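Kindly produce the complete structure, drawing on both the sequences and the hints.
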Amino acid sequence: MERKIRVLIAKPGLNGHDRGAKVVARALRDAGMEVIYLGMRLTPDQIVNAAIQEDVDVIGLSVLSGAHDTLVPEVMRILKEKGAEDIKVIVGGIIPDDDVKKLKEIGVVEVFGPGTLTPQIVKFIKEIVAKG
Amino acid sequence: MFDKGKLNELRIEVESWKSEINKKGLDKKVGCTTLSGIPVDLIYTPCDIESFDYKRELGLPGEYPFTRGVYPTMYRGRLWTLREYAGYGTAEETNRRFKYLLEHGQTGLSVAFDLPTQIGYDSDHPMAMPEVGKVGVAVSTLKDMEILFDGLPIGEISTSFTINATAPQILAMYFVISLKQGVQLDKVQGTVQNDILKEYVARNTYIYPPQPSMKLVVDIIEYCSKNAQRFNSISISGYHMREAGANAIQELAFTFANAIAYVKAAIERGLPVDSFAPRLSFFFGCHNDFFEEIAKFRAARRIWAKIMKERFGARDPRSMLLRFHTQTCGCTLTAQQPEVNIIRVALQSLAAVLGGTQSLHTNSYDEALALPSEYAVRLAVRTQQVIAYESNVINTIDPLAGSYYIEYLTNEIEKRVWDYLQRIEEMGGAIIAIEKGFYQREIAESAYKYQKEIESKDRIIVGVNEFITEEIKVKELLKVDPILRERQIERLKRVRDERDKNKVKEALENLRRAVEKGDNVMPYIMRAVESYVTLQETTEVLKSVYGEYKPIGW
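So the sequence lines, in the order shown, correspond to chains A and B.
Just so you know, we're using the numbering used here here: the first sequence kicks off at 11 and counts up by one.
Just so you know, we're using the numbering used here here: the second sequence kicks off at -6 and counts up by one.
Be aware that a few hints might be false.
[What the hints assert, rightly or not] Some chain A residues near chain B, calculated using beta-carbon distances under 8 Å: (1) G23; (2) N25; (3) D28; (4) R29; (5) V33; (6) R36; (7) G49; (8) A77; (9) T80; (10) I104; (11) P106; (12) G123; (13) G125.
[Claimed, not checked] The calculated label-pair distances, taken between Cβ atoms and stated as ranges, are: (14) A94(A) to K472(B): 28 to 36 Å; (15) Y382(B) to K90(A): 55 to 63 Å; (16) R375(B) to D108(A): 21 to 29 Å.
FYI, nobody ran anything at the bench for these hints, they're computed from the structure.
These numbers were taken from a predicted model, which means no experiment stands behind them.
Positions of the beta carbon are idealized from the N, C-alpha and C atoms, including for glycine.
Structure (structure tokens):
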């Protein structure tokens, strides 16, 4: 049997706006993926550990508070430190264009802002996982 | 109101008219609904409100059941308060933004706190560091509060505080600086959100489990009712649940179910209902469905009046008044073609005004991208001023009353809200419904449905799934300078070094004893913050007794 794509959805930091994260989690599940919804108020460490333990292909981080500038690089650093850079990281939330550029420079594969339609995310994840 | 015979004739006429249209297939919107799913017909006539009884359902403004408005003269007596929610970086920046807003005609203040402040972390806590000053102003000690209100007329202006889990500390700080400015507490005007129940459902800035949190909510209600009688001791909020995905009916139902839980808790404390109920206030969102939103506000007033009079036996009419703040719904803002948001916000604001709001925040057009720039927030203020001063909509009260559609929707929303309230009651009330995840599931379901409707184009959002065009970038986005965090942390350290350590120790010990005994914490927290005890230090004391809330799973 073909292995399902495994995605971890998490909210690092203290931001509690989880509407987007939950909608995306459900859309991915409805698209046949295995979704681990880790919740909120998480440290980058907790997120990376869970991602490794759950053997996911993709981490989806949702941040709407503006704290992505420190929290996302921290997730990327810990992933590298633990030799888990093969896990792809996507980010959603309120991320200004200049920051999108910076996040991509440190290895985030895509940033999905407000107004993104979930089929775009599903398609994107399928493609990057297929590419390996 | 309507003659039965004439109504029957009319009904026959309307039905045949409709079937004629349907036969020809001219109606392209068959099956359309309001945003909350109420079917919307081609036309409304007296047949849709056949048992309409003016006196019973509407009354006059300022009279039970207050459908037409809570005050006899409404905006002819006094405009709504123009109150923009603001705050970022340190107290200095936010103080400057407050002064800028007042210069441009704002008439009330509203403080946005950063997440560490809302969750009880000092700015130098490891969990706090990435979030300092990001979504609001950082306040760790009284020093920050002093700077925040420096040069602002506390005695003359009302200020709203969006603070919940740490409401006792923040309110205590405000009361202490008011006293320092020579303003007695019974003269202080404003609102503290102090609505913890919705935090477990949406927004999520809880700290302690629901039961001890409810105790703190009632501590504030009690303290204000005895000491700060002009201060709204709670702002029971539907806004955040709406933003999380709830529709208009769920927004009202969950808000009122929570309100009932607070009133019960305050009564159980031994407070007579009329001693605190006049200072309960509300906060709702205003979404895109223009008429539904207006009807929602009207229905809300009627429902609340009935709850207070019939269920809780309130006698003072002020206890029955649904006084509310409105914010245009942030979730309707688009990052695509952001300037179009100005139009959305204008329509939503108009609905809020036609719905009789007491206070209004208009979102800025750039808020799907960042915190608002000065330019954007000024435009938001101007939007309210155009409605207030140019449109003439304020010249008569509740101008849409008597519209068949509006009255039908008002009745229908009311009915559907009572149904929800009944279900929640049967579950054992708001707290149990929340602990069981009932609100959360209902809201997640509505949010997903809304998203799917956009994706299938059953719902058109201009610039998102239709009328897409090449983007012009917004030039000046506000960015919170990282240096502000360093300054905030430096100040915090200085305060910790310079304060009287014995006083701090004593204040914390007294607070601990009071918490363990179950006394009202407010006087003890006021003494603590006065001695520059930090937000986190007091929170730790409460946590050690109350424990921490662990959220339920997905």
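Each hint, compared with the structure:
The beta carbon of G23(A) comes within 6 Å of a beta carbon in chain B, closer than 8 Å, and the hint placing it at the interface holds. Satisfaction of the interface hint for N25(A) is found here, the shortest Cβ-Cβ separation to chain B being roughly 6 Å, below the 8 Å cut-off. At a threshold of 8 Å, the smallest CB-CB gap from D28(A) to chain B is about 7 Å, leaving the interface hint in force. Against a cut-off of 8 Å between C-beta atoms, the interface hint on R29(A) holds, since the closest Cβ of chain B lies about 5 Å away.
The beta carbon of V33(A) comes within 5 Å of a beta carbon in chain B, closer than 8 Å, and the hint placing it at the interface holds. About 6 Å separates the beta-carbon of R36(A) from the nearest beta-carbon of chain B, less than 8 Å, and the hint is met. The restraint placing G49(A) at the interface with chain B holds, with a minimum CB-CB distance near 6 Å, inside the 8 Å limit. This hint holds: A77(A) has a C-beta 4 Å from the nearest C-beta of chain B, less than the 8 Å allowed.
Here the hint on T80(A) is kept, as its CB sits about 4 Å from the closest CB of chain B, short of 8 Å. Because the beta carbon of I104(A) sits about 7 Å from the nearest beta carbon in chain B, less than 8 Å, this interface hint is met. At its closest, the beta carbon of P106(A) sits 6 Å from a beta carbon of chain B; the interface hint therefore holds under the 8 Å criterion. Given the 8 Å rule on beta carbons, the hint for G123(A) holds: about 5 Å separates it from the nearest Cβ of chain B.
This hint holds: G125(A) has a C-beta 4 Å from the nearest C-beta of chain B, less than the 8 Å allowed. With their beta carbons about 31 Å apart, A94(A) and K472(B) fall inside the hinted range of 28 to 36 Å. The hinted range of 55 to 63 Å is satisfied by Y382(B) and K90(A), whose Cβ atoms lie roughly 58 Å apart. Checked against the hint of 21 to 29 Å, the C-beta distance between R375(B) and D108(A) comes to roughly 28 Å, which is consistent with it.
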